[in-house]
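Guided by the hints, dock chain B onto chain A, whose structure is given.
The listed protein sequences derive, respectively, from chains A and B.
Per the numbering used here, the first sequence starts with residue 1, numbered consecutively.
Per the numbering used here, the second sequence starts with residue 1, numbered consecutively.
Simulated from the structure, these hints should not be mistaken for lab results.
This structure is a prediction, so every number in the text was calculated from the model and none was measured.
Be aware that one or more of the hints could be misleading.
[Stated by the list, open to error] With a straight-line cut-off of 20 Å between C-alpha atoms, the simulated PhoX-like cross-links for lysine-lysine are:
(1) A:Lys-5 to B:Lys-79
(2) A:Lys-395 to B:Lys-58
(3) A:Lys-362 to B:Lys-58
(4) A:Lys-395 to A:Lys-5
(5) B:Lys-197 to B:Lys-220
(6) B:Lys-122 to B:Lys-99
(7) A:Lys-395 to B:Lys-63
(8) A:Lys-362 to B:Lys-60
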Amino acid sequence: MATFKTISSADIKTTTSVLNQLVDFVEEDISGSASRKKYQVFVTSSGGNAITSSLYHTVYDQNFTLQTSNELFDMTMGLYSEGTVATGSQSSTDVNGKRIFPSVSLMMREKINIYRQYAQLLLGTSTGRFTAPFSNSTSGVDEVDEALFINFKRLFVRDGIKRETFAIKMFQSSSFGDINLGDALGDITNNQNIIVTSTNPASGSAIYTDVGSSTSLENSPTGGPVGNIVNAANTSQTVGLMFYNQGIAVFDMKKVFNGNQFMTGSIQTVGSTANNVNFSGSFGTDFLVSASMDNIIDHIASTRFGSGSNTTITFQNNTKINSTLVYCRATADEFNYSSNPTYTNSEGRIRVINEGQENIEKAFSFITTIGLYDANEELLAVAKLSRPVEKNDEKDLTFRVRLDF
Amino acid sequence: MGFLDHSTNNIIVDAVLTDAGRSALANNDGSFQIFQFALGDDEVDYEIIEQYGRTVGKEKIEKNTPVVEALTLGSLALKNKLVSVNNEFITHMPTLTVKVAGANISGNNIPSFYRVGSGTDKNKLFTLQTQTTNGGASIDSQLIDSSFRVELNSIFFAIEGEAPDVIYNDNIAVYEIGSTAGANNVIRQASINVVLKSINDTTFNVYSTSGGSSIRSFIKITGINSGVTSTFELSVGNSSSS
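Chain A on its own, in the form it takes in the complex:
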């Protein structure tokens, strides 16, 4: 047909390219309780003092009850089953091998199981132990026994996080004070630093990044590409791991946070008539044991990321784009006329040729649209040019139409 031209197989090519998008998350989305969703699936026995807790929180870019909100990432924590925090707080083991913990602890088995789940997913075995650095770690120093896990959502990770683009800013200490730094216990107790207050902002911010990870392309057997997260101010200090294709960051809490900081404030507990007790103890060994996962994640989210509108996490993602390139070639004697209703007047005369100039002037047309059809003349794809392009019998045009999948 005179309006269609067959495309040869040589004029259809496929190609792959990678698109990188910059993603950043702001402090207030993480610290605010309205943009952080909890899923309270853990329930203690149904007595009058039963408490509930989530196993993880999901951070949204705005109030999560709004339909326009987007999920940014999930955040949770876990304890290595053979780490000193887990074993040190264990009182016994029952006949079935279930570990028994005293009542001053809370959700210890859940914290251990979360760690095991991540280990199974990322290391290939549920009994695996994260180390930072991933390889060549130093025993007794680099084991990640108290882990903070951040799972970025697929909407932002796409096909994976690009190496050496990840950075996160966190506060190493919670709000005022630290008994080890000489702050008075009375002041610390009064200020309740488990929950941040405006008068007692967190301190000691540090930026952690995966700088240098592209020079050592390590892989985990089940977690895929992995890189070390280091302290930007001291790149020899490795504080966590980034699993690029999984979009999961694992942090060693004893390195990114001040494990010795003395914490005070109200936490959930079983056996209390009010379901809450005033807690005091160190972050690393006491708080991580005694507090529920909700309390711990609430604390980390609300006190360790700041509460302003600054960026606190950033990375670039990779999106692989498979493209089909279709070369539409219009030779000199093709597509020089048009079926556009304005192309001819009421008598069928072609308007672009002046009367009396028929032997000099030749017809031309303008191209604004390219349609790709199947053999049944069904329109499969449409491409538009950004401006009309003239076609005449002295022009041989080739349009490269790109279809992305």
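For chain B alone, kept in the frame of chain A given last:
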């Protein structure tokens, strides 16, 4: 649809899959096979050439014609195709006329169907003709249409004895109707019997014009080789007596 940025000299090709293309991909049966292409000029008004002359007119079209973004609806995405004719001296294209009961359809003569009625209320014989002007230039053989492509709304209309080649998502059914040679200045012609389908009260009320008592639908005829196109309105009333 917004306009495409043409502030640079680069020719940007913004391609999208149509609904039919996406459907073919989803079918996963190999039906997504690009086989041919066509070029279109839907945004271009060639009367500008007549008004301003070839040099200035061309420039006005090139620089002052914003191009809209691609549509995904197959029936609207590429309406006016460019035509390939291996003859650079053509000065005339055929004209397309559509007649009902011997009278040309025009703005003043819209075919009216009635959902409550019989005979010509529900069936009308359309005659499609490509013509040259009386005594005008002859038409190149490459522009002689061996068939016509007829597009109409499948909710309301069908062509008697024909099955649509395709029905788009907006219910536009496409038929290809073979043509025969005509006499005198008629180059090719074909006849189709357009039948009004049964329309219940609910459908009629939903589709009838706001504040009016009829449905406005359209029929598009295209010459398969010349690409010459005519679009006419078809009216569907409730009853010829109302």
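(request) Compare the structure with the hints numbered earlier in the document and write down the numbers of the violated ones, lowest to highest. (result) Those not satisfied: there are none.
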